[in-house]
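A.B. asks: Chains A and B, in that order, are what the protein sequence lines are.
Going by this note's numbering, the first sequence opens with residue 1, and the numbers climb by one from there.
Going by this note's numbering, the second sequence opens with residue 1, and the numbers climb by one from there.
It is worth saying that the hints were derived from the structure and are not from the lab.
On a predicted model such as this, the values are computed, not experimentally measured, just so you know.
C-beta atoms are modelled at their ideal positions from N, C-alpha and C, and glycine is treated no differently.
Incorrect hints may have been included.
Unchecked claim - Heads up, incomplete: computed chain B residues facing chain A, CB under 8 Å, no partners named:
1. 92
2. 139
3. 155
4. 158
5. 159
6. 162
7. 218
8. 298
9. 303
10. 308
Claimed, not checked - Sample of chain B residues lacking proximity to chain A, with all beta carbon distances greater than 12 Å (derived):
11. 5
12. 20
13. 46
14. 91
15. 94
16. 161
17. 172
18. 214
19. 222
20. 230
21. 233
22. 266
23. 280
24. 384
25. 393
26. 407
Number of protein chains: 2
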Amino acid sequence: MPSATEYIERNRERFLGELVTLLRFPSVSTDPSHVEDVRNCAEWLRDGLAMLTPTRLELIPTAGHPIIYAAWETAQNAPTVLIYGHYDVQPADPLELWETPPFEPSIRNGCIYARGATDNKGQFFAHLKALEALLNSDNRLPLNVKLLLEGEEEIGSMNLRPFLEEHREMLKCDTVLISDTALYQDDLPTLCYGLRGLCYLEVTVRSTATDLHSGVFGGVVDNPILALAHILSGLRDGYGRVTIPGFYDDVVEPTSEERQRLAALPSDVDTTRRELGAPLLFGEVGYSLLERRWLRPTLDVNGIVGGFIGSGAKTVLPAVASAKLSMRLVPNQRVEDIAAKAEAAIRALAPPTVNVEVHHLHGANPVVIPIESLPIQVAARALERTFGRPPVFVREGGTIPVVEWCAELLRVPIVLMGLGLESEGAHAPNEHFHLKNFFRGIQASVEFLREYAYAASSS
Amino acid sequence: MPSATEYIERNRERFLGELVTLLRFPSVSTDPSHVEDVRNCAEWLRDGLAMLTPTRLELIPTAGHPIIYAAWETAQNAPTVLIYGHYDVQPADPLELWETPPFEPSIRNGCIYARGATDNKGQFFAHLKALEALLNSDNRLPLNVKLLLEGEEEIGSMNLRPFLEEHREMLKCDTVLISDTALYQDDLPTLCYGLRGLCYLEVTVRSTATDLHSGVFGGVVDNPILALAHILSGLRDGYGRVTIPGFYDDVVEPTSEERQRLAALPSDVDTTRRELGAPLLFGEVGYSLLERRWLRPTLDVNGIVGGFIGSGAKTVLPAVASAKLSMRLVPNQRVEDIAAKAEAAIRALAPPTVNVEVHHLHGANPVVIPIESLPIQVAARALERTFGRPPVFVREGGTIPVVEWCAELLRVPIVLMGLGLESEGAHAPNEHFHLKNFFRGIQASVEFLREYAYAASSS
């Protein structure tokens, strides 16, 4: 039998072809018109996993999109790793900004371009190919593996939380391995030990029963867009400090050790500014770029719409306007508390000339993982062997609800072994994934599983 | 031959059928996909006018939608009336709020429902039927009539102004007759002697080159929606007073005579509030409801869009947001001056973290017509004979650019003989027109043309 490394080398083209097929599914979880596409994607994954002879394999229905669960429980007296990924993707709009269609994967400049390429299909698929390589070289896995792929990560994983609560025994493990974060820099292996939380709301403002003529009624009824603008403007100041009363009550200030760790990472304000195409960077006074991205909470408006948005002019006084807004949270902020404070602030800012509705779309608490734990130290060595240099330890600004839930419900350390790059356009047009990191990910996963089997048994 | 009144009575059903046909054309001037529909509507009108044996009839191309011009210049030593109307309509969206499709006219409760029913097809068509009634009863018109129908009123009449300038001689007249305003109340005949002007801008705010992940980059780049909200909030206070520096410099305060005339009109704050479905009315302190609608300038946002506006949640940090905003002007504000002041205020409010573009979409200066002038006094008597009660004199909050241009270029009094009602949903879903006012309009037009021929000759 070939070694795992030889097996990976020989099967590069086939692995890539399978990734292309996976990326063709427009598994947009938020859009009801894509329900069948999400399901087809899940079934294709299940059928592929069946070839890897798991001891258990299920496509588990939920109130939303299905969960895929597979297990290889054949290693006596060996530890268990739970691998998590999500096969759903963000919406692809605005479509006109894509150079090639989002669901027709295109390979150029060493990258594969498609919605979901880096977030998260390309990343979790590397682990599936690592399992295949181990099974086809060693003929067995060195430890017990459980695999959980969900289809609702991009919409808040609302059905995963109850699933995890109900299946704690089935999912029992010694560590969780997730690749849904980013390399800090190209070719720089990275382990992430903290994620911000999220509190996502939708605000709708209504002023009148119907749209009116802005000439006839302008001056006697309020304008819902201006009322909404007033509310939104009142939630954050011009330096990015959130002005919701009590918002910072539970925020833990960074330790000097942590600030030093971040300060040691390469980071250049002007390069970042140019790469993002911003006239000027932005953010809270007194915090570095990385501190603002990883250690500080934020408030952003993710979308707004009201009145006439076609081309040309329409002299309408609209009846309704709405905005989606979200806050990134840091320890020890809690979703429920922040949602309540935000809603109270929104209602306090709303003028009496309009009616306001606030809907809580989804949320997740922030999480931090101890970097001294065994699986994280093993992951560091696996990455060092694969990349030829030791990893850096970072936190990230994004949110993966399952990380918080695993930490809370499974009570094990979580390894966040990111394979993507921030420049790869997750959630944006022209999303892509570097193929070198796809193959490094397969290798690093093989290394991690082998070494963790050894280290956990002997510890 | 029948009298004009008998002719109208005998032909009611046919007139109505023709109005239905006219309303079926989706002549939405702002939407490039409706160019052919606008043209088809113009051609149908021209073909109908040809049956009325004008001395001149033309469909005149412009850089945009065509102008229809017809003339009956057969009355020696008689005055000339120029009748104006517009055959283009506002967009029909939001379509889902229409009870019957906007371009499939539906008659119920004595009204005809369709986009353009009251604004302006139903109103100007009454004058065409008046001409037909006069020609089929008296066999001739009592004075010279010129008819001008444009197809770009809803987008600022940008090609009409140069047309008027070039054809001053052709359009020479003693008065202009326009029905594109409203009855103050059902069954209350109304003459309008003033209109607000309009200054319409589009503001676009960009923060970064592309959309970004709100978790990854939230906290280091500005949010274009929040920057736009800040700009918009800074243009008007919570009482509707515009905060653009210099905005009120040229505003003429209402005279006590005018305030008394308005105060005598029936007006009830609570009824208005309930009819509009507003939780509370709104507007400048120290001015009555009617003063705020007619005599005071305003600022409204007509539309806003940015980021993700689909259903569900998307954690995007958008790159761009834009808003359409318009100001209603009163004497002696001037469009160019206000546009410059507004743009300066917008730029002053924009934070350095974003780039801002301001586009001037269209505008018109405000206008007031002396109510003592002969054509207005004749119109008052024509309306009294038709409705059985004398008209009230009002101003209106809306804008008809052609009124200002006729006042400036043709230098004659303009009769604004409104036949619509404000409750008829101009620019909104379920637009309709009361059929009783369509037929009253035909009768009033006959009365006006006959009496003005007599009064102007003998004066």
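A.B. asks: Work down the list of hints and note, for each, if the structure agrees.
C.D. replies: Checked hints:
no.	hint	verdict
1	92	violated, 11 Å
2	139	violated, 41 Å
3	155	holds, 6 Å
4	158	violated, 10 Å
5	159	violated, 14 Å
6	162	violated, 19 Å
7	218	holds, 4 Å
8	298	holds, 4 Å
9	303	holds, 3 Å
10	308	holds, 4 Å
11	5	holds, 32 Å
12	20	holds, 24 Å
13	46	holds, 25 Å
14	91	violated, 6 Å
15	94	violated, 8 Å
16	161	holds, 16 Å
17	172	holds, 30 Å
18	214	violated, 5 Å
19	222	violated, 4 Å
20	230	violated, 5 Å
21	233	violated, 5 Å
22	266	holds, 16 Å
23	280	violated, 5 Å
24	384	holds, 25 Å
25	393	holds, 17 Å
26	407	holds, 18 Å
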